[in-house]
Structure formats: structure tokens, C-alpha cells
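Student: In order, the protein sequence lines correspond to chains C and P.
Position 103 (the first sequence) corresponds to 103 in the numbering used here; numbering is contiguous.
To convert a position in the second sequence, counted from 1, into the numbering used here, add 1000.
Since the hints were made in silico from the structure, they are not lab data.
We put the beta carbon where it would ideally sit given N, CA and C, even for glycine.
Please note that a few of the clues may not be correct.
[As the list claims (entries may be wrong)] Covered stretches of chain P (chain C as the covering partner; in silico rule of three or more C-beta atoms under 8 Å from a C-beta of chain C):
| no. | region |
| --- | --- |
| 1 | 1065-1073 |
| 2 | 1175-1184 |
| 3 | 1208-1215 |
[Unchecked claim] Partial list, derived from the structure: chain P residues whose beta carbon lies under 8 Å from chain C:
| no. | residue |
| --- | --- |
| 4 | 1104 |
| 5 | 1133 |
| 6 | 1198 |
| 7 | 1205 |
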Amino acid sequence: MLDLHGYGPSIFEGAILTIEVAILSLILALALGMLGALAKLSQNPIPRFIATVYTTVIRGVPDLVLMLLIFFGGQMLMNMFSDWLYEQFDIDIFFNINEFVAGVFTIGFIFGAYMAETFRGAFQSVHQGQIEAGLAYGMTKRQIFFRISFPQMMRHALPGLGNNWLVMLKTTALVSIIGLADMVRLASEAAKAVHEPFTFLIPVAGVYLALTAVSEWILKRLEIKYSAGLGSA
Amino acid sequence: MDSLIALLDNNDIFNVTTLLHYWSGFVTTIQLVFLSLIIGLIIAVPLGILRDSKNPLISKPIWAYVYFFRGTPLLVQLYLIYYGTAQINGIQDTIFWHILSEAFYPCLIAFVLNTAAYTTEIVRGAIRSTPKGEIEAAKAYGMSWRLRMRRIVLPSALRRGLPAYANEVIFMLHASSIASVVTIVDLTGAARDIYARYYAPFEAFLFVAAIYLCVTFTLIFIFRKLENRIMAHLQPLSH
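Please model the entire structure based on the sequences and the hints provided.
Tutor: If you want it as C-alpha cells, here you go:
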């Protein structure tokens, strides 16, 4: 039988943490992605420019470099800010960027850029005639967005979103590098302590495979839901 | 030239020593990525062809390999190979140990296995989407399976697979930053050294981020040129 030398429970907690980081990052990434896509499709050149810089730069730099930058650089900015507060207003507070916040923000921020590209493509594949029909019915912009664009866009976006999610799930392993006790970190520490790398790392790999399998099942359900009315799903 | 040296002299972080450190990191990154991609591609093409083999003894193991390496984080694969190979009984007495005891080679093996798995899927997808008519025409000409692969299927698969492969190349460049975790001084590793020495996160990490960005753009440019070249016959005529 699998003998985890008493590390089992802590690695299990690490797995829960991995899932937490992944889900929180997903929420942030979806929000940023939606904002980014709307900015990219906007008539106003300023948000369009900002969103283009965001998606281009983020997708051109390795995740790990961005994570180190946000984790170490963010801490330094916060220190500078609290120094400034102390000097100017005599307010003495200390902001601590912990690994969890840095991890979630970085991953959410990175995948927001990928999500923005996915959403943009999906919005563009909704027929213009549909939106014109909405206008002809006298719907407001908000109604057109929630009743016409969004539900139809989701059908086109889902395969891309699913891909991004699967990549993101694996990217969460990087938080172990900045010191967050996720399952990869706990397993690699246990592996070093007991000198049995396979005993700990193979089960961790198995958890990732299981999470992938569950995600694929959920994505299939969602695809059926959003393909309603399009014949065979 | 003199002014450049004067500028570097007056700078705490970007002096000659650190720039040389960055340069050697850059060389390591390029070596790792280039070797991984070349070896990975050589492994992936036959695997991609055999992935759809009718013999389950051939196609199932390839499926399992691809599923494992695409479904788990590269970091876990790297740890498995880096720490795992050292624990194999008796390996330290064999000649392989000379290779494996350096961090570079376990890392290269992990990268090769990872990129080969992704590339296998790309090759397989490109082969699968070969128009049926092309294969039927080749059969009608009496071409053997080998000849058909070489003359018809693979050349047209290359065209269809190239955009996805360009993404994989950029993905590999970015993924290679993980090498810094196992003591390799690649670009990211150099930035981490310089951050640790000067406690200057912005200078250290923004600088390498800019280098990665430049390399990414260069790669995108090269692949776009390449795509235009090999798909020239599909472009609309311009007069």
C-alpha cells in the first residue's frame, strides 16, 4: 500500500489549497478577461490601447517571472507606501504581501489576458444581425448584452475557456516556488526528507490528472447547456 | 563606446559583471529551449503518426504518455526527473550519473518529454485533418504507405500544424523559466541571483521580462514569415 510516512494529511491540505488558488484565480481571470475583452472591442481608443498592451505584454512574459516580480516587487512597493504614510501622516501600518495573495493575483492577472483574447473572439463571432434585431426590439444596451451577446458568446468561448482553465490549473504549481504550501511544495519537501521522490510526487501528479478529468466532465456539461437549440451538442 | 562604459560605471545594478551574468543566463535559456524543441520534435513526429495506429499495443501507451505529460504541471515532471533519477538504485555507479548529476540534463529530459507530448498531439491533429481526397488520390496512384506519408500527408500536415507549433515554441520558451528552480542559472535564474544580491526586484525582473518579450516577438515574427512562405500557394493573388 501507499505509505506516505505521515505526510498524507498535510499533502491533502496542500491539494485543497491548490484548488482554492485555482478557483480564486479563475474568478479574477474571468472578471479581468471580460473587462479586457469589452475594452478591446470598445469604440474609445484609450481603453482599447490599455487592453492591447495588457494582453500583449502579459502573454509575452513567462508566468514565473511575473510572479516573482509581483511577489518581491509588490512587497517593496508596499513597504515604500507604508514608509510614505508614516512620514507624511504618522500612520504606522505594515502591509504584508503574503504568498497566497501574490499567487492568486499573479495567476488571475496572467490568465485574465488569455481570457480577454478568448472572450473577444467569442463576442466577435456573435452575428451582428442578432444585435441589430435586439435594437429593433427596443432593448437597452444592457439587455442586449445579457440576453443576446453574452449567452451566445459563451457557446463560442467555452472551448477556449476550458483550455485556459486546464492550463491555469497546472500553472498553480508555480505558487510553490514563492513559498506557498500547496501540494507540490509539501510533496517535494516530503520527498527530500524521506528520499522517496516517487512516493510523493506520483500521487500529486495523480491529483492533477483527476482534477483535469473532473474539469473536462464539467466542461462537457456546460457545453451542452450553452449549445441549447443548436441540434446535436 | 566610452560613454557606454561611463554609463555602466555609474550604475549599481547594470554593471559589466551582472550583464555578463544575464548574458550567460540568456545563452543557457536559448540552449535549453532549442535542444528541447529539436529533440522533442524528433520524438513527436513518429509518435504522432503511430498515435492513431490500429494496434492498441502501440496507440494506448502513446495515449497514456501524452495524457500524463499534458495533464500534470511541468514543475512536477521536473521534480520527478530531477529528484527521481537520483534515487534509482545503483545509478550513481553507472556512467549515466555523470550526466544526471548536473542539473542541466535532468531538466533537459523533463522539457523534452513535456514538449514531445504536446507536439505529438499537434502532429496527430494535423495528420488527422488531411483531406480524404488527397489520400485517395495518392492511393489511386499506387503509392505505398511510406511514400504517401512522405510526399502527401506530412508536407500538408506541416502547413496545418505550424500555427499550433509556433504556440508550443513560445510556451516552451516561457516554461523554461522553471529551470531556475533546480539551481540552473538561466535568464530567470540570473534575475533571481541579481535580485538576491542587490534587493532590487524591479530592475532584476523587469529587465528579464523585457528580454523574454523581445525573444517572444522575434519568434512570432519568424513563424509568421515562415507561414507566409510555406502557405504562399494559399494566399489570395495580389496584383
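Student: When the hints from earlier in the document are held up against this structure, which numbers fail?
Tutor: Violated hints: 4, 5 and 6; rest satisfied.
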